[in-house]
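Undergrad: If you want the building blocks of each chain, they are given just below.
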Amino acid sequence: MDFQRTRAGQSAPQGLSRRSVLKGAAAMGLAASGLPLLSSVARAATEEPSADLVNAAKAEGTLTFYHTTAIDLTANWTANFTKKYGIPTQNVRGPSYPLWERWLTEERVGQHVADAIQITDTVLIEAAHAEGLIADYTPASGAGIRPGMKKEGVWYTAFVNAMGYAWNSQRVSPEEDKLLRSAKWDVLTDPRWSGRFATSTPASGGSSYSYVYMFLGGKRSMFGPDFVTKQAALNAQIYESKSPMYDRLAAGEFALVDQASQSDMGGLYLKGAPIRWVFPDPTPANLTVQTISAKATHPNAARLFQEWAMSHEGQAAWFALAGVASAREDTVDPRKVAKSDWYKEDWYKDPADLYIDYLSDPGYVDPAKPIIGEWNQIFGRS
Amino acid sequence: MSTIVQAAAQSGPRTGFAPLRRRRRGFVLPIVLGLILTILVLVPILLMFIGAVRSGTFVDPHSTFSLRSLQAVYTTWPYLRTLGITVGASLLVSLLACVVGIALAWLIARTDIPAKGLMENSVIAPLYLSPFVGALAWLILASPRAGLLNVLAHQFFGATGPIINVTTSTGVILIMVLYNVPYAYMTVSAALRGMDPSMEEASYLSGAGVVRTALKITFPVVRPAIVSAFFFVFVLTCGTFSIPAALGGTQALPFMAVDIYHATATYPIDYSRAASIGTMLFWISLIGVAFYRFASQVATRFVTVTARGYRMRFVKLRGLRVVSVGLIAAYVVLAIILPYLALFYVAFTSFTSSSIAAASWTLDNFKAVAGSVAVSQSIVNTLIIAVIAPTLCIMFAVWIAYAIRRLKVRGGGILDYITMFPIAVPGIVFGTGIFWTYLMTPAYGTIWILIIAFVASYVPFAYRMIDTSLIQIDKSLEEASALCGASHWRTAWQVTFRLIRPGVLSAWILIFIFSVREISAAILLSSASNKVLSVMSWDYLEFGNVQNAAIIGLLQTAILVLGILAGRYVLRIKLSQNG
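Quick mapping for you: the protein sequence lines, in order, are chains A and B. Just so we're aligned: 274 in this note's numbering is position 213 of the first sequence, and the numbers increase by one with no gaps anywhere. Just so we're aligned: 303 in this note's numbering is position 295 of the second sequence, and the numbers increase by one with no gaps anywhere.
One chain only, chain B, in its complex shape (with noise of 0.2 angstroms):
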């Protein structure tokens, strides 16, 4: 993500890669690349599509060929009703998130608001925080009348109603809306920084003002970034299921994700329902994901880094710089303070009081928690799992994104479709297909399912901003390799590797959060010996312990903190380019 190179010089001599292509254009490649797709991503796939058609499970004696469910999901009201609201709320997450995301990566990337480094590593930060503990933080701080914010304000400002209350539809979309900002701030921001600003030079001296040039020029230029984190952050959304589940559920604002672990949580246990509404959110997220695709191949093509040194020239800000720094600031106390605020609070009271100066404060839930054998096991096991997880995966899409983009490979059209499939199959969903594909397995009730799990869930954001990567690398560099006699592999190792790198190890740290912070398919894949801190989360706000699911969802922290300072001041990883 940091390294953006020369992408417009794409012609020269092509004779270093052309033999080298005839003679991997065989079949071995693709086939292999095929099968294991097939295995991670088809089966599981294809396995929910028949559940939907199941009267029961797989292994139910008394399970026949039905479509009663599909019927029932894709023709009757409730469903519809709320497939229309996951649709819209998704929708409406994406456009409030992308204005903010936008708002943020301009003010930062183009102004000269002062600390960028601190700006942008606090926009960011609320990565590093599970977006399910976040809400559960919001639910202690915002529920309309034990909330802290509501009570507070009853107390020292006779509020007689709640000022804000997260246990509704606005609520639930304002913090899904909250924990998607840093996505769409990412990918426009990486949008802004790869522009060449000889362009907006050139509008102010014609004359343009600031809000003009930033109009016509910055925004027509970062658009395909933009509408490329609008569906990302949408496909995100439809399948998000630990905010709405953990704010009230379906009462709150009905989601499909959370229908789905209604289905498979409440009586009558109903796995055939769970697919159906499955399929569908498939989709919707296949519609999607077509739409990032497609923006996202435009945006890459727009980046326009020139070899030639230029000095950019930051807007002022002037007076609105105060209003700029509190705007980000805002952000950085509804996002990440005021929830840490409220897990420390919970994490060190017996019971949750909304009456701070009445609250029984206590050290016994850390000593429940340190003295708890499950989560000293949750947290090795997540530590294992976040190694190993992010780096298969990589491994994995650097060798699919080399024999697509540079081996061209037969079948690399499909095979690039296939890679992307799972980003439309929300977690929960994949989770039960990954189940029924390895319940009979050695895998089953290790962590090894797990990491099956992560590695072909994140596989398609490994895959992508790699295949950015490689796609910005001029390729004169490598046939220039090649023309100094270097074998096909010295030069991969060599040069392409080598020029990867800082995208290979940026994919590396974000699969990495991603894996410590998974929730939906670790629930239901998690076992006795494969329990992760994100199920002990759960676990134990299922059983109304907030106490100790706010002391996990510090720890989840503290290990992504300390993951990331270790690949940033170890291999000298960023996430983001100030920071």
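If we strip away everything but chain A, and leave its shape as in the complex, we get (with noise of 0.2 angstroms):
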């Protein structure tokens, strides 16, 4: 195992044939000559996994997936995967703090039953690095994720979710709209939205977490405990998980929620829900970051399934089911280059000052996570 991790891990020389050959030299010639998009091509290329550990993991048969993503949309995801290796997946789902506890204790037992671990949070995968619970495996395909995006030999970002605000059209008026449209942090302040609003808490899971650490910590000069508290002030409805809000905002039971995220906005936008969403400056984004577990019983069926999940091919994939930025530069959207659906809508624009450099600071790696006690007093929770 430990072989077939050096080898694909750290690309050494194997096996080179003509061919690899070839397409080395093409991708350096293309990429020396400024051609990126070929040059991606040419880099996707050079990321395939070696025989060895594509043998391997068909031998070890199977792979456990602890995820938090949508289950549905996941398996069809992984699907691929398994059409391509024939490896099946068991995909198990649950909120990032519970499903990581789950996992963390089963390894402290010898119970490894989850072989790659998808999650929203990399300080907890950090925390387990240096309990010695994650392998250290540098995937080939990894080199295509963006710098900032992974943590060499512990973490590589799957995808990356900005979050704005999103209002029900149908519940507010030509005025609010266009007010809401202007995309401006301070609208979600305005007492006209008393009990009309909706928030999540930040102790439900990482992205929920990373969106209120902008307001209460990095940014915290721009924003602080005034404009939470002035939030507070709105008599919101809070969730303990952001998706069930999402169906509620849909529904009309509210006509404006914060947290939102472009993949659930864009898959209700897709199902005909009066939903619209913007992302005002600066844009708290969240990573979706996986790993593998140093001990998973199908090791080279995980090393082999991030290799594709990181890949370009793997990546496109997920575009086609969810529409979330890519942690790849090489990836991207179809959706936006044909201006379709919410692409060619009028209110719609991308994110444009993404807020992700929080990852080092201190107080967002703080393991006590301050932020939600702060939070929680400001809201009046226990």
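Some hints here could point you the wrong way.
Here are the in silico distance ranges between beta carbons for each label pair [said to hold, decoys possible]:
1. B:G166 <-> A:N437: 36 to 46 angstroms
2. B:F35 <-> A:G122: 41 to 51 angstroms
3. A:V398 <-> B:L349: 39 to 49 angstroms
4. B:F164 <-> A:R242: 25 to 35 angstroms
5. B:I58 <-> A:E192: 21 to 31 angstroms
6. A:E192 <-> B:S384: 35 to 45 angstroms
7. B:L54 <-> A:E192: 22 to 32 angstroms
8. B:T83 <-> A:A381: 46 to 56 angstroms
9. B:L570 <-> A:G122: 31 to 41 angstroms
Hints are computed from structural coordinates only; laboratory data are not their basis. By construction, the Cβ of each residue, glycine as well, lies at the ideal position given by its N, Cα and C atoms.
Take the two lone chains, each set in its own frame, and fit them into one complex as the hints suggest.
TA: Dropping the structure here:
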């Protein structure tokens, strides 16, 4: 198993064929010629997992994948992996924190159930890495992941979710619709939303925490407790999980919600829900990251899966299912290129100023997550 | 539940059982039973108590002995407030469920209301709908601004505000009442049918009217059953997690079981706090169980079935017939018809639209569920568990009841108490205990951990039903068999077990229903290969996919109805008297 890891992970010379040499040469040549698209194609070619890894993974026969994303969406995504390599996956979905705690407990007692884990909190993964529970593996396809969206050998970003605010266009007046389209964070503190606004607790998962962290942590000088206090004064309905909140927004229970992620809003939009969303500057973004269990029962299947998930192919497969930003530069949502779906709407604009460089902030990496306590206090929650 | 035999005639020769009891009054049987109960029931509860005095989980290397959580839960205002609200709301739910359940039971058992079989089946039909799915349906129907009923009231009657709002404390309480009425009904109905109507006849002959007879004769006789039903519903409600969680969590109505879930689902994950709240809930439920045990034991003494035939005189409702039928119909509409309509509505729409006219209709949700490998696996798991868990549970309950009631084993009182313990432990707490008990065993992550959890959780229900059946069998029948030379096991097999068969099968059906619907413990114990339908519906709802959650709820109902129909027409089991 270690042998596999070394070969695939560090892209050590292996079975050099005339074809691979030519591919490498072509890639270098294209990169030098400044043709990024062709360059990325060439890079994708060099990122193919080794035959040894593929064979070893196939011999293991299956993969157990712990994740936090939608059940059917993820099942459809991993079905692409299964189709390509013939390795079925057992997917287990749960909210980030309980799922992670479950995995930690299992690992500590020697119940090695999960092979690959995908959650929204890098701090937890790094703590587990320090405890020796994370496999040290560098997928070749990880080279395509943007710098800052990976910790080499530990975790790799599967996708990036920007979060803005969203409203139900049938629950706001034309004047309010205009105000909301202005895409300013201050809109969220307007008293007109009293009783019509919903939010989610930062204790529910990594993405909600990342969102709230921008206001109370990283951009405290710009927003800070004053901003959150004004939001709390809106008598907001607080959800323990964001997704039911989105469903209620689509139904018209609320006019406005924050923490509106691109993938969820896009999904509702495609179903015909009267949903609109914008990304004010700066736009908090959350990374959904993948890691491999150090004592995975199917270590090669997990490594192969990560190779695939981080590859252009894996990322494009996710794009076909959910509208999110890729962690790879060479993977762009084809809908954006075609200006279809929400990209054709006059109210839609891509996030311009993503707030993502908080991953090393002392406040963010503090395992006590004091922001949650402060937020609870402001919202009057014990 | 359907066979009630003479309970009063307990005199007669005791020679047949005496030597048998002497032989069995050894230590082996009670020790074996005690060991099984210890592993099944006491260890998970004990781990809950130990977990409450640790700073982290059992496997956390930094975890130490700590009273921090216990101190916080037992002495600080937010937890005490939640305790007060949980107990108060549970008492209110029990009271209202019993009032409705008694009224329905009296109408169906004692009046000339038409179509009794249909009426009774309708009243117990909410048992076939998972309370969690029922709450989800009511959220779709009666959330304040997007609830279908509120939107329709606005569109057709110009209502400016919500006419009904289930996301308030009143709303949560009423939904809990709706789904607890069948328990109150079944308990009181059984007592009413077990009551000798000659007492009421005598009252009527003495000139008393319907109301006076009901208050002076009927009510006092069935009072123990009512008290038993009241505390049974109280204990169930105290540990309820799914309804308050689905209807808005702690914001609508702070509830201890929801707090326990939040302690294990939101950051910082705090198992110690969850266990501490669990211990508090345990004590409250234990008090409820003590009252329940006492009342149910008294209730069985009040069974006054006679061997002589009688013709029940039904109270003539006359002009109140329509009102009475209307009352039952109203309950059925609220508990069954409206929720199912809501579930079908969302199942066929692409997103939850509050406007039926503007809804986007689709079959895609059904296609998605039908094509989901996870759903297929969970259907198989649910079916396997729904057959094995009640079967094992009933076998064990028969064993315990027979050992305690007929063999009079040593320590029978203690065994009886321990068997009833799980009623006092809410599913979500018991699930945590089971998790820690079996974490390091091969059962972890398999359907067997769920089967163990369900057997342990539901053994009190099966035991109490079977015990009641045993009490109501005249021992002279078994003694006659023994006197005729039949061996002990032959007597047990051919006399006792045959006579309690209807009670055993009714208990099996009840545990089958519970096993298909159970969600609290299943959420905590679910893994890659043991997902069941209830957990799938929770997962879907948690991810905002109300459509698929509704379809799963409908699937659960289909399984329950098929199981009950099979039970009724193949095994001739009835949960009700008329149905």
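Undergrad: Decide, hint by hint, whether the structure agrees.
TA: Now for the hints, and whether the structure bears them out:
no.	hint	in the structure
1	B:G166 <-> A:N437: 36 to 46 angstroms	holds (40 angstroms)
2	B:F35 <-> A:G122: 41 to 51 angstroms	holds (50 angstroms)
3	A:V398 <-> B:L349: 39 to 49 angstroms	holds (44 angstroms)
4	B:F164 <-> A:R242: 25 to 35 angstroms	holds (33 angstroms)
5	B:I58 <-> A:E192: 21 to 31 angstroms	holds (23 angstroms)
6	A:E192 <-> B:S384: 35 to 45 angstroms	holds (36 angstroms)
7	B:L54 <-> A:E192: 22 to 32 angstroms	holds (28 angstroms)
8	B:T83 <-> A:A381: 46 to 56 angstroms	holds (55 angstroms)
9	B:L570 <-> A:G122: 31 to 41 angstroms	holds (34 angstroms)
Of the numbered hints given earlier, the model fails none.
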